[in-house]
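Participant: These are the residues of each chain, in order.
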Amino acid sequence: MKDIILQLNAIQKSFEGTEVLKGVSLEINRAEFITLLGASGCGKTTTLRIIAGLENPDKGSVLLEGKDITNLEPNKRNVNTVFQNYALFPHMNVADNVGYGLKIKKMPKAEIAGRVAEALKLVQLEEYGKRMPDQLSGGQRQRIAIARAVVNEPKVLLLDEPLGALDLKLRRQMQLELKRLQKQLGITFIYITHDQEEAINMSDRIAVMNKGVLEQVGTPNEIYYQPRTSYVADFVGNANILHVGEDAFAIRSENVLMNGEEPCTKEAQVVEKSFAGGQLRILFRLEDGQLITASRYGIDADISVGAQVKIGWLPEHAVKVVEA
Amino acid sequence: MKMKKWPFVYVGIITVITYIPILLTVIYSFNASKLSSVWEGFSLKWYAELFRDRDMREALVNSLILAVLSCILAVFIGTAGALGMHRKKNPVNDLIAGVSMIPIMIPEIILGMVFLSVFSFMGLPFGMITLVIAHTTFCVPYIFSMVKARLVGMDKSLEEAALDLGASPVRVFWDVTLPQIIPAILSGVMLAFAMSFDDVVISIFVTGPTVNTLPVKIYTKMKTGVTPEINALATLMLLTTVVLLVGAAVVGRSGKKQKA
Amino acid sequence: MRSAVKKGKSNWLLLLPMYIFTILFVALPILYMFLLSFLSRAEVWGVDFTFTLENYKRILEPLYLGTFAESLKLAFLSTGLIVLIGYPYGYFMAKMNAVWKKRMMLLIMIPFLTSALIRLYGWIIVFRSNGVLDKILMGLHITDKPLKLLYSYPAVVVGMVYSLLPFMILAVYSSAEKLDFSLVEASRDLGASSLKAFWTISLPLTLPGLLSGIVLTFIPSMGLFFIADILGGNKIVLVGSVIHEQLTKGRNQPFAAALSAVLMILTSLMIRLYKKLTGSAELEGLM
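Those sequence lines, one after another, are chains A, B and C. As numbered in the numbering used here, residues 1 to 324 make up the first sequence, in order. As numbered in the numbering used here, residues 1 to 260 make up the second sequence, in order. As numbered in the numbering used here, residues 1 to 287 make up the third sequence, in order.
Quick caveat, the hints were computed from the structure, so don't treat them as lab data. Since this is a predicted model, take the numbers as computed values, not measurements. Beta carbons: idealized from backbone N, C-alpha and C, even for Gly. Mixed in with the good hints, there may be bad ones.
[As the list claims (entries may be wrong)] Covered stretches of chain C, going by a simulated chain B footprint (3 or more residues, C-beta under 8 Å):
#: 1; segment: 35-42
#: 2; segment: 68-78
#: 3; segment: 195-206
#: 4; segment: 209-222
#: 5; segment: 225-234
#: 6; segment: 260-267
[Unchecked claim] Now the in silico label distances, taken between C-beta atoms and shown as ranges:
#: 7; chain 1: C; residue 1: R272; chain 2: A; residue 2: G17; range: 52 to 60 Å
#: 8; chain 1: B; residue 1: R57; chain 2: C; residue 2: K57; range: 26 to 34 Å
#: 9; chain 1: A; residue 1: K59; chain 2: C; residue 2: T200; range: 54 to 62 Å
#: 10; chain 1: A; residue 1: Q173; chain 2: C; residue 2: T200; range: 48 to 56 Å
#: 11; chain 1: C; residue 1: I20; chain 2: A; residue 2: K155; range: 42 to 50 Å
#: 12; chain 1: C; residue 1: R272; chain 2: A; residue 2: K59; range: 19 to 27 Å
#: 13; chain 1: B; residue 1: V251; chain 2: A; residue 2: S61; range: 17 to 25 Å
#: 14; chain 1: C; residue 1: I20; chain 2: B; residue 2: S168; range: 55 to 63 Å
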């Protein structure tokens, strides 16, 4: 039995005549880690801001635990946000930042202090209460922003590309930590990113967005192995999209066979070879002119540009998709 | 880039020249002689005379009251205006903002002339009220533009974060917006206060027969002849400026700490 | 996207004081000045509400036209000197390190924020007959009798330059501070002499500051009648002095209004020219 905590019903939103959201509907389960994944400008941030109450939708409704909160002011929603640039109040120290929401709720001072200490412990920055935000590193600010939000025990925590400003190594580390936090707290996380790796690493479910529309919602496995649309196949799996008659098929590059792997049945010419991210990528042109990329780990393959070779793929690796 | 010596020398020479008249004023304020051309030994008698001068004291108090009232009004009008215009942009706002800047764009004499004629047309009695109105018109632009610039540079998500954490819009203003713009208000006030306290041209036109401001008083004295009393006054005013500027630098430093 | 407070319901409350104050005490008074300039002076006291062009015709009389010419001449001369002295000053200051920048800023602000009158007063001590300058010059046997510089044209020019120089320095400084000096290095690297590098890189890039400084010194210099009054005696009559005189002694508000209107039009032409040349509405270094 599903336990739905938040429901978006046919949300539409335009800014100055540009349609940013074209009817977004989504059901989010309690204690779920769900990611809105999409390129910049796809409407994911606007969706988040509508959930937070920082924007009002033109049409549609937002339900939190069955109650309509569509036009409720942001300060009256039991939803908190971790902002992209952290938005720590520069004139308050870390403890005051973290305790701000509790102070607003008029919680007794002693209790605030206890809760703040607990939250700081949770993000492993117990000693930092007296520091000012500008005395913290990027990663530390990030943790404080998270502590400031979770200390209020929100029903839903919204995270707007919270790791975007961190370097790669720190980002990997924070991914694991966020996932741990979410499990520990049992709070619903709605996470925004444009990084498919991040989405796959952390999420229980991923909602892929494109041009104000949800293209597909599913587990990382479903999104990766059974993309519903060509956009999802391309954005999440970097898949090749091949057209056969009216139909489109997605074939991920690592599944393209070559060099005598079975079955290689199609004539192709090697157009280009390149090495990136630990992978060798080889671009072929099929006889009908369509381009297809194969990838292998390693830095070289016994194949040269211009050569006429045979390539192929297993039928189960060609997933039929809807053209976006 | 390598820095040659002569630019420093140039800047140094010009700076020294600009300080010569100031230093002379300070030196001659301690001169026992009434004539500024002869030195007759160290004396504090001009300070004593200055403190005994009731007119001068009254003028000083008037100038302080005038500057403080104008600044309070200007902070209220300018800050609220900047906040309101920041939230919603429209061409009427731009027009009003543009018009409000006119008083510091045109020669002061025009403003003085305008107020003299308007106030006499309105039948307002010339005195503190007319002075405050006139001074507020040129204090508003300083505060308005300072606050506006700060608001443009302010991270909008700070206000959103406070709202998100449950603060009401009024609370957001007191907890987040105001602390962010206070340094801007203070530097605006500093400029506005200095301009008001220093103003001769506009004050001459709008002051009444019973109210004298310090600069107007000094101006009349200077026109009638040299009194060493003014040397003493100048020295004290210079001292005040130095103290205020150092104070402002300290405030500015703590303000910068907050901003980063 | 919009600001945190979504519905600007309370917005008009914030704007109201600014709107009322600006309309009532800035816009309407200026409009009244223009109206006044087409009226005539009442027999005894006040204004006669009949339309006339007499005031503007009077400005064309040689006496007043000469005053305008004199004011413009002094403004041009002062501004020219201020550019020559202030531009290098502001430019060099921008090249100093952060500590010296702060110190110089303080040194400029102290006289700038001290009473303009008080600062002029120091020059009286310097210029007056048998004053400091005379003493020095006679002591060095450069001259043998007092020069009587006070109440002369040069004294007024010095007063103008001295009073308005900080505006130029601050404007040029704020512009030169934004200048990326690696651009100058790049041009030197590409073979430009230091003079050539200045002409082709530094000057064009600091032009907004220079122009802003010119506007900020030229405009007030036409209205600062008290400088001419104090250092020039009554020998030099500027537009500002005439306006002052017409209002106080002449009690001719309409004529003073017409003079002010012409001065204001000259001012706005200058600002418009500035905007056209720089494409910016903001005056650099004004604040």
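Participant: Hints first: check each against the structure and report whether it holds.
Facilitator: Checked hints:
Evaluation of the coverage hint for the segment 35-42 of chain C: breached, as 1 residues show C-beta separations to chain B shorter than 8 Å, against a requirement of three. Counting residues of the segment 68-78 of chain C whose CB falls under 8 Å from any CB of chain B gives 0; the rule of at least 3 is not met. Given as covered by chain B, the segment 195-206 of chain C fails the check, having 0 residues with a CB less than 8 Å from a CB of that chain where 3 are the minimum. Restraint check on the segment 209-222 of chain C versus chain B: 3 residues with Cβ-Cβ distances below 8 Å, three needed, restraint holds.
With 4 residues carrying a beta carbon less than 8 Å from a beta carbon of chain B, the segment 225-234 of chain C meets the three-residue requirement, and the given coverage holds. With 4 residues having a Cβ less than 8 Å from any Cβ of chain B, the segment 260-267 of chain C passes the three-residue criterion, so the hint holds. Checked against the hint of 52 to 60 Å, the pair R272 (chain C) and G17 (chain A) fails, with Cβ atoms roughly 34 Å apart. Here the CB-CB span from R57 (chain B) to K57 (chain C) is close to 48 Å, at odds with the stated 26 to 34 Å.
Hint check: K59 (chain A) to T200 (chain C), Cβ distance near 58 Å, so the stated range 54 to 62 Å holds. Distance hint check for Q173 (chain A) and T200 (chain C): the Cβ-Cβ separation is about 50 Å, which falls inside the suggested range of 48 to 56 Å. For the pair I20 (chain C) and K155 (chain A), the beta carbons lie near 46 Å from each other, so the given range of 42 to 50 Å is met. Here the CB-CB span from R272 (chain C) to K59 (chain A) is close to 47 Å, at odds with the stated 19 to 27 Å.
Taking the beta carbon of each, V251 (chain B) and S61 (chain A) are about 49 Å apart, not inside 17 to 25 Å as hinted. Between I20 (chain C) and S168 (chain B) the beta carbon distance is about 27 Å. The supplied range of 55 to 63 Å is therefore violated.
Of the numbered hints given earlier, the model fails hints 1, 2, 3, 7, 8, 12, 13, 14; all others are met.
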